[in-house]
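Number of protein chains: 2
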Amino acid sequence: MSFDTLLYAHSGGVTAVINATAAAVIEAARAHPGRIGRVLAAHRGIGGILREALIDTGALDAAALTRLARTPGGAFGSCRFDLPREEGGTVMNRLFDVFDAHQVGWLLYNGGNGSMDAVARLQAEARRRGHPLQCIGVPKTVDNDIVGTDCCPGFGSAAKYLATSMLEAGLDIASMVGARGSVFVMEVMGRNTGWLAAATALAAGGDPDRPPHIVLVPEVAFDEDAFLARVRAVTERLGYCAITVSEGIRRADGGLIMEKSRDPRGYVQLGGAGSAVARMILERLGYKHHWAIPDYLQRAGGHWLSVVDREQAMAVGRAAVELALAGRGGTMPAIRRLQDAPYRWDLAPIETAPIANLERALPAGFVAADRLHVTAAACDYIRPLIAGEFVQPTRDGLPDYSPFDLPQVERRLPEWEG
Amino acid sequence: MSFDTLLYAHSGGVTAVINATAAAVIEAARAHPGRIGRVLAAHRGIGGILREALIDTGALDAAALTRLARTPGGAFGSCRFDLPREEGGTVMNRLFDVFDAHQVGWLLYNGGNGSMDAVARLQAEARRRGHPLQCIGVPKTVDNDIVGTDCCPGFGSAAKYLATSMLEAGLDIASMVGARGSVFVMEVMGRNTGWLAAATALAAGGDPDRPPHIVLVPEVAFDEDAFLARVRAVTERLGYCAITVSEGIRRADGGLIMEKSRDPRGYVQLGGAGSAVARMILERLGYKHHWAIPDYLQRAGGHWLSVVDREQAMAVGRAAVELALAGRGGTMPAIRRLQDAPYRWDLAPIETAPIANLERALPAGFVAADRLHVTAAACDYIRPLIAGEFVQPTRDGLPDYSPFDLPQVERRLPEWEG
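Note that the protein sequences, when read in sequence, are chains A and B. Counting from 1062, one number per residue, gives the positions in the first sequence under our numbering. Counting from 1062, one number per residue, gives the positions in the second sequence under our numbering.
Hints are supplied without guarantee of correctness; some may be wrong.
Identical copies go unnamed one by one, so any copy, or any two together, can satisfy a pair.
As the list claims (entries may be wrong) - In silico SDA-like links for lysine to any residue, alpha-carbon gap of 20 Å or less:
id : residue 1 : residue 2
1  : K1349     : D1143
2  : K1349     : R1252
3  : K1349     : E1297
4  : K1349     : T1296
5  : K1349     : R1141
6  : K1349     : F1142
7  : K1349     : N1418
8  : K1349     : D1461
9  : K1349     : P1415
10 : K1349     : R1312
11 : K1349     : E1088
12 : K1349     : R1298
13 : K1349     : L1299
14 : K1349     : E1285
15 : K1349     : R1155
16 : K1349     : R1293
17 : K1349     : R1291
None of these hints come from the bench; they were simulated from the model.
Here chain A stands alone, though its shape is the one from the complex:
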């Protein structure tokens, strides 16, 4: 067998630029027609490999690839799936059966911390089996929490979206200042790390009187009294207060901040950190409050992409193809920061095994001493990552995202029973 098929798969939550990585992978692979035969994409991530649901990307012409590179979400579908931890086993056997059946010599796995664990283990398994597979990790996560890379594709665009949202909502609430005091809370993604929350601080431009006045991150324990005292102080000074809350903020005892309610079946969660904090402010301070939950909107904002983020997303895709062809299985192209301003970066491969499943938190120097905001150093780090506005073609006033023709290749194996 020639093992001349390159297989690409999305993994985990998608981003506004994960398709840019996919398009770059496909284009880069096509530049090696002598070595790479077919470029397939898994339908819905690793689950698609198990189900042998593989898309032939040959159906995407140059125009379709250009369109793919600017379309948010994951065109091939993604999934959350953890590789079982035991060596060998039915899942691992099935994956290699599919690799063999379709002569997959290169697997490019585009995901976050958990995916880098899968990359390391698949590569170890290939070596154990004496299989030619080269498995390369391709970084992606709006959470920006992969260790070993200066930043993660997907983060810059989500950061730009959220900083812009805080800036604009801040202008709105500042217009509506009333006698009772007005508070605006925006809940952003980040279960364990505060990178996205920190990004909203860019809206303030270093001015403590401009929104957001408070940024709560999961890296430090939530202190209700200190928080409410600050909300009161800001509101008494300015008439309003704008607050960013990471979804994963916790009290010192580790308990998540969320809205709970007792119903006949016991306590149920009713809302997340944003509404819980807003309610706290209403009940203890009596201020009028609004809260926003951008949810999927923050990681799908293709109409307002960071050009730098999109370029990095494409660059890691191209670099991953080169690493695959160079036999560097088990590695991931990492982004290195060469200079802050003007921003300069390049890529260098790192091994995935040492970084697998780790999570990069905000460094201590990025959280303000009072634990209620982030520092200028955090802003200096994030600022270059949101630079540039990609101009989306539109149709009838909306971004022109049309569906793609994604034919699946014929199955060669019995159905997966897993």
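Fit chain B to the known structure of chain A by using the hints.
Coordinates of chain B only, in the frame set by chain A:
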């Protein structure tokens, strides 16, 4: 006295283009130096008039006006304030004292239904007093519910923001389809009318398989069983379901759909229609669910303005100045639709007294027969209003919204004790 001062005031909730109206008013007024002496703006709406907190817009040079015309939120501040209903009275007396003290001959009041009531009553009061004031209404509301105008400045940009948001979040959730079924709910503004909810239907482009699959509007009673049956049918067919919910949807008995919980002080509201609907789906169908609440973001999206909306916002401002100078007090420039495609419109004055406090609901022909979506006619109506993308200048990756120099004029009256 010469009564050569023109006074402009924002009223009620602000929009992404209310400052465009303000800038157009100021520019148009400056084109009549022989007749209009000063152009003042009330600080925080009618409350600012009562407090005699008046901004001298002469401090804004041409560059500042250009910037004002692209800045979301209300630069002069706004407020919610209903004029007391009795004729005369201390509030009315104070307003006319301020008009006299600052020689206000023209008041341009930029708001929604309630503001048009204020315009009609202020004009009636001026006539009763033999006062020269000409009070002109200037339409504005993201709710698009002013009677007598084809649409309202502010709506088009919010509609564009929400349709784009549903389009993009829809691509995200379609990527993440899982075995359990995934549901996405977006709660949009609209206490009594479903115009903004209807706008999200543009994301589907007429395809029943594309998000949003369901649009719930306040104009029709919420039928939980019919709704859940549709959610199940869509999710079984596609693996996911995307839903737009107006904040003001109600059951047939008039009760709002919201999350309530019993606590020691009785029932308290914990969340709005979006989270209530999401919980209903989780509890009755068992699907994984996410919900988004764009809140202020939807009416402040200056980075993604509708060019048509912005042009109309400026046009009503200019027209209002002309109506004021023509002595057409008590009127409002209304937008008339001359043609759908290509879209053509013009302006014509209408009397505010007959439309005051009325609310324009979605016409019956805009709501689908099954009450779970809107019609092609609704999309045809909204489509031209979201056309065109205004390009915001940016700095460091964010829209360049800098603060304005807004000096207040010297007070001439005793402090307001109201």
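Tested hints:
1. K1349 <-> D1143: Between copies only: 18 Å across, 44 Å inside.
2. K1349 <-> R1252: between (27 Å within a copy, 18 Å between copies)
3. K1349 <-> E1297: within (13 Å within a copy, 41 Å between copies)
4. K1349 <-> T1296: within (11 Å within a copy, 37 Å between copies)
5. K1349 <-> R1141: between (39 Å within a copy, 13 Å between copies)
6. K1349 <-> F1142: Cα proximity of K1349 and F1142: across copies only (16 Å, versus 42 Å in one copy).
7. K1349 <-> N1418: Answer is neither: 41 Å inside a copy and 25 Å across each miss the 20 Å cutoff.
8. K1349 <-> D1461: The answer is neither: 39 Å in one copy and 29 Å across copies each exceed 20 Å.
9. K1349 <-> P1415: neither (48 Å within a copy, 33 Å between copies)
10. K1349 <-> R1312: Neither, since 24 Å and 26 Å both go past 20 Å.
11. K1349 <-> E1088: Answer is neither: 52 Å inside a copy and 35 Å across each miss the 20 Å cutoff.
12. K1349 <-> R1298: within (16 Å within a copy, 42 Å between copies)
13. K1349 <-> L1299: The answer is within: 14 Å in one copy meets 20 Å, while 40 Å across copies does not.
14. K1349 <-> E1285: Within. Shortest intra-copy distance 18 Å satisfies the 20 Å Cα cut-off; inter-copy 31 Å does not.
15. K1349 <-> R1155: neither (57 Å within a copy, 28 Å between copies)
16. K1349 <-> R1293: Within one copy only: 12 Å inside a chain, 37 Å across chains, cut-off 20 Å.
17. K1349 <-> R1291: Within. Shortest intra-copy distance 16 Å satisfies the 20 Å Cα cut-off; inter-copy 36 Å does not.
Of the hints listed earlier, those the structure fails to meet are numbers 7, 8, 9, 10, 11, 15, in rising order.
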